[in-house]
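Number of protein chains: 4
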Amino acid sequence: MKKIIIAGITGSMGKQTEKLVSSLKDCELVGAFAPHLDDNLDLPAGTKLFSDLKDCDIEADIWIDFTVPSAVFENTKFAIEHKMRPIIGTSGLDDSQISELQNLAAINGIGGIIAPNFGLSAVLLMKFVKEAAKYFPDAEVIEMHHADKLDAPSGTAIKTAQIIAESRNPEDITEKTLEQNPARGADYEGIKIHSVRLPGYVAHEQVLFGGPGEALTIRQDSFDRSSFMQGVKVAIEQVMNLTKLIVGLEKIL
Amino acid sequence: MKKIIIAGITGSMGKQTEKLVSSLKDCELVGAFAPHLDDNLDLPAGTKLFSDLKDCDIEADIWIDFTVPSAVFENTKFAIEHKMRPIIGTSGLDDSQISELQNLAAINGIGGIIAPNFGLSAVLLMKFVKEAAKYFPDAEVIEMHHADKLDAPSGTAIKTAQIIAESRNPEDITEKTLEQNPARGADYEGIKIHSVRLPGYVAHEQVLFGGPGEALTIRQDSFDRSSFMQGVKVAIEQVMNLTKLIVGLEKIL
Amino acid sequence: MKKIIIAGITGSMGKQTEKLVSSLKDCELVGAFAPHLDDNLDLPAGTKLFSDLKDCDIEADIWIDFTVPSAVFENTKFAIEHKMRPIIGTSGLDDSQISELQNLAAINGIGGIIAPNFGLSAVLLMKFVKEAAKYFPDAEVIEMHHADKLDAPSGTAIKTAQIIAESRNPEDITEKTLEQNPARGADYEGIKIHSVRLPGYVAHEQVLFGGPGEALTIRQDSFDRSSFMQGVKVAIEQVMNLTKLIVGLEKIL
Amino acid sequence: MKKIIIAGITGSMGKQTEKLVSSLKDCELVGAFAPHLDDNLDLPAGTKLFSDLKDCDIEADIWIDFTVPSAVFENTKFAIEHKMRPIIGTSGLDDSQISELQNLAAINGIGGIIAPNFGLSAVLLMKFVKEAAKYFPDAEVIEMHHADKLDAPSGTAIKTAQIIAESRNPEDITEKTLEQNPARGADYEGIKIHSVRLPGYVAHEQVLFGGPGEALTIRQDSFDRSSFMQGVKVAIEQVMNLTKLIVGLEKIL
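Residue numbers (my numbering), protein chains in the order written: chain A, 16 to 268; chain B, 16 to 268; chain C, 16 to 268; chain D, 16 to 268.
Hints in this document: simulated from the structure, not taken from any laboratory.
Any given hint might turn out to be false.
Repeated chains share a single entry, so a pair holds when one copy, or any two copies, can fit it.
Stated by the list, open to error - The calculated DSBU-like cross-link candidates involving lysine-lysine, where the alpha carbons are at most 35 Å apart (straight line), are:
1) K149 x K30
2) K266 x K248
3) K98 x K17
4) K266 x K149
5) K63 x K191
6) K142 x K69
7) K174 x K149
8) K174 x K63
9) K145 x K69
10) K149 x K17
11) K92 x K191
12) K191 x K30
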């Protein structure tokens, strides 16, 4: 049995993770952490709740974190130092913090995973795009989100463009004589990104590849955040075998 | 029997039109015009060829024009003055020329059609978009063309955006607080247009509409110019009933 | 001010309709009907609640019905006899009941609308499909729904196929020598329908049209039933101008 | 310099391969084989033409075969016995012939490739589908072809379904209570395949994956057979490093 602590148990992702853990036969929820405990929490008997890291004296194999950017570094450090393998879904760790945590994990001899995105369709899209760009260097990204999304392009679209740029051979790109033009979208290292913002839409991304006489399109649609639980499940299955603290769910797919 | 003259018989569109006319039971090719006659032309017996308007003494019901911008105005004038109903696929007529030709048609009591685009899928898309924009004021246009297309956005995409802008009620548009941003594409009267340029692609356009909890998408794909013949066929069927010189195939669909 | 009664106020659609009516400046909710009244209802002051048609002595212009199949006929009859224009979203009326109600509406000199589907994207899709089938007689329907949907094809897909069959000219269909084959889907009057059932999907339909060298695709996605409110809004705007009891939102789009 | 013989030089694929080889800096066409030589062939100076295997005394590194099913086995045998690495695009080899050729290649110590499909987009689609099915066991295949295609489903769609069936864990599939139904398409080991046949379409395949709250779609479009040349190019680049006679371009992508 894998013993698990969930940090951020009162949030939406924490609650969904709790249901997931309950449904897994080889897992047991042993602890739950939230700074402000909520009386309505309906946790399995025997789960210890705590609202301060200092109060945590529970032995566990895995620490799953869906808390807030301001807490995630201290939480992850605490988990590693107490030999709990971290599965981190909270955003906010910067590059130097990640390096420090990776060193700490190496010293303590445990693996773990920091995943900015637990949506399997998005992570698989990026994995496939990396491969496809080797053979189809000409590619463009279209991301579509609800009208309330304030930033453009989406972080995922930028990351996708970076993956294409790193994977393709610049010599193979078809030259275009078209002048720069607002209709051609944002340019990330030569990859065009187009952002659509419309009511009704949720979160969608497609990558279009074109070559002589053919086209390849990879598309993912996220309808709601329940989709993240499939990714968390994969992480729980794999984390005991990891020997390093890795970044990105794609590393274990 | 509708008697037909094809102007521009030696071009690709002229040749396809000749095949179309031959296949229609109620049509007869009586004349063919080209400044430089091509000996390899294999026209039905009895078709008179001529290489100068002055040499044309043929009576016909319909004049179909796939020539060049520099010739189209004189050709169309000639057709109308000789009581032939024009079906004009040649580009290059400006607004004042079109007005003059419309007056001339009215004086001569005949109808006709000037069509910048004979592709039925593109014309129907624009017709449907006009209707949809009344109920879905939030819309974006994505057009996708081969990597050699030099201009962006495409003329069809701009026309599509104009149709949306004219048809929708500005008060119904969902407000977006997003700053202007290259990823958001070109802006035509508040409609965003995104242009994709990739090898393998031919000529494609899609319009995305979004509303609360739903989306509507209309897409057209043009794989080759043979598609224009369906539109020419519709024009031949309808032109005898027209009482004006109209612009746009959508007027008779 | 249009005075409105909502029948089925305690259901999900009834509640959403109540919010819609509250947001419309020229509408006033004057009555609400539900067989089992719910104390938690938070209706505008002055709205009369009743749980039996006999208790309804309210004067209103419009009766909006989202109740149950067993009640809808009696409700609609009641509304018409009391000079309230019916907007009926409840399913379950059969052809003879509809005829009877249409006669009753004619006698009472009022119009109204029975709409099996208030989703604007689905209704517009059907309207456009009717038009497109005249020019693109070759068409296939693909509908995609969540894995729990028990019937296939969907009712909307069957209706779409019927519209295509009625609208296209059978002589124009491209002959196919392919033998009947399970991969080719269900056949409704010569139109192929394909039904996809997958988790994650909600309710989506696309119609593919193909012609020489080109293709036209119309697609609609319903993500949640909030989308129906746009259609109800259109019905409220138009119902006072109707002189008959019509069936289908497409009649007033 | 890689010395290359092209068998089937007079066919469409042979001619395209000749152009490809001419454009590659590290390749030299040394021989061309066709049973009926065509005087119009415009081959590089120094290319030896032959119309019978007996007349072939040319030394080459690679034998590229786009001939006919009745000739491909003897051709490939000949190539291997003469230490030429085969790249076989001709269909028609059965399983026992492939085994025999693989043994022969092992004895002669050379590698090669037999590829039923050189279209990179189709081959990559199958590669990605194999990976995706591990995480998205619920999948359906939709293939779309021109109206003249006589068989359904396409061979590629059947192969795609087999890949999904082999890759996914049957225990993870979402149970559907829906009865078998023509609209649900053909069933290959539990995977539904839908075949669309419409004029205008060329050759297209999409695989739809669905999971809780999300969807992943992979689509490929083949517009013309020029697309195969990208796959042949990859095969030429890799074949000198192969130590076995492999089947399927996906093995070297």
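Hint check:
1. When the C-alpha separation of K149 and K30 is checked against a cutoff of 35 Å, the pair qualifies only between copies, where the shortest distance is 26 Å, while the shortest distance within a copy is 40 Å.
2. Taking the shortest Cα distances, K266 and K248 sit within 35 Å of each other both inside one copy (15 Å) and across copies (30 Å).
3. Taking identical chains as interchangeable, the C-alpha atoms of K98 and K17 lie at most 35 Å apart only when both belong to the same chain, with a minimum of 13 Å there against 56 Å between chains.
4. Both within a single protomer and between protomers do K266 and K149 lie at most 35 Å apart by alpha-carbon distance, with minima of 19 Å and 15 Å respectively.
5. In this homomeric assembly, K63 and K191 never come within 35 Å of each other (Cα to Cα): the closest approach is 61 Å inside a single copy and 39 Å across copies.
6. Within a single copy, K142 and K69 get their C-alpha atoms no closer than 40 Å, and across copies no closer than 49 Å, so neither meets the 35 Å cut-off.
7. Both within a single protomer and between protomers do K174 and K149 lie at most 35 Å apart by alpha-carbon distance, with minima of 17 Å and 24 Å respectively.
8. Taking CA atoms no more than 35 Å apart as the test, K174 paired with K63 passes in neither setting, with 38 Å inside one copy and 51 Å between copies.
9. In this homomeric assembly, K145 and K69 never come within 35 Å of each other (Cα to Cα): the closest approach is 43 Å inside a single copy and 46 Å across copies.
10. In this assembly of identical chains, the alpha carbons of K149 and K17 lie at most 35 Å apart only when taken from different copies (23 Å versus 40 Å within one copy).
11. Taking the shortest Cα distances, K92 and K191 never come within 35 Å of each other, neither inside one copy (49 Å) nor across copies (40 Å).
12. Taking the closest pair of Cα atoms, K191 and K30 come within 35 Å of each other only across two copies (27 Å); inside a single copy the shortest separation is 50 Å, beyond that limit.
The structure fails to meet hints 5, 6, 8, 9 and 11 from the earlier list, while all remaining hints are met.
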